[in-house]
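Taken in order, the sequence shown gives residues 1317 to 1641; the numbers are from this note's numbering.
This list has only true hints and no planted wrong ones.
Quick list of the computed label-pair ranges, beta carbon to beta carbon:
#1 1562 to 1341: 29 to 37 Å
#2 1543 to 1623: 16 to 24 Å
#3 1490 to 1514: 22 to 30 Å
#4 1456 to 1410: 35 to 43 Å
#5 1345 to 1508: 37 to 45 Å
#6 1562 to 1514: 26 to 34 Å
#7 1565 to 1511: 26 to 34 Å
#8 1346 to 1507: 40 to 48 Å
#9 1409 to 1377: 39 to 47 Å
#10 1377 to 1630: 27 to 35 Å
#11 1403 to 1571: 21 to 29 Å
#12 1349 to 1571: 38 to 46 Å
Hint data in this document are derived by calculation from the structure and do not stem from the laboratory. By construction, the Cβ of each residue, glycine as well, lies at the ideal position given by its N, Cα and C atoms.
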Amino acid sequence: MNRLKRFGFDSYMLLLLLMVLAGAFLPARGGFATVLSHVTYWAVAFLFFLYGAKLDTAALRQAMTNLRLQLGCFAATWAVFPLAGLGLAWIAGPLIGPELAVGLLFLSVLPSTVQSSIAFTSLARGNVAGSICAASLSNLAAVLLTPALMALVLHRSGGISGDAVLTIFLQILLPFALGQLLRPWLMAPLKKRPGLTMIADRGSILLIVYVAFSAGTVAGLWQNTPLPRLLSLAAVILCFLALMMLMMRLGAGVLRLGRADAASLFFCGSTKSLASGLPIATALFAPEAIGPVILPLMLYHLTQLLICAVIAQRWSQGGGAAPAA
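Assemble the whole structure, with the sequences as input and the hints as a guide.
Here it is as structure tokens:
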């Protein structure tokens, strides 16, 4: 293990790799997949309950009024990302085909992740309160902005159901609010167990990685796409993620954000939500067209989980820290 640490690997990174392999070769199916989805749901809800119990109410109010961070995250999700996606789809369209190019456009107009971005922010010792506000607002805005932007680009119309909004409320906002209400009674026990939130952070990320890779394997997305085109798409996705991460680092410097806020902008601004993207895709596209549309999202989601986990782990140890003002 000491030798592996020299190359940036520790026990947590090995567990991540095991989750990837397990999802690819031993995916969750049938009843087990159903049970695991419920376990993941409640694990994430418990994580946000802990966030609510740990966060000072004053810090949350300050995060909501942190206009530089909040406007930066909003602009990254709804302006920078769509413009970059439009350019990349135009450049890579002949290489990956028109169906997957539409998937790139769809990916670019989705909200940021909620669970993952906040968990990564916490792991990297960033502004958790700021990430909760930014990611929640991003997903609520997606109810209107994602269909509107897709209609603008593809000249389509349509709306989405309120399921995504209800999920955000029940899984994220409600547990967080309960944690805030019970904070006076939970502060002391949580201080005695500082590792509880870290275990919840890392455990939820491991579950998300396994569930995501299992879903891709069971759905047959990897088999239904020719290997050369799949490899080309993977290269495009890596370039897209690297570009957005670079722009978030540069944006943090332009906005003169401190280290904690820069980590929040990095993880909220460069990630996209599979959980929100799938129900939106079913509302906007015909069933036979959904597979190619969500494949770029699936690859981006899996890639961002692995790369962000590595970056967050390094920042938590003080290596390659986010830029400070």
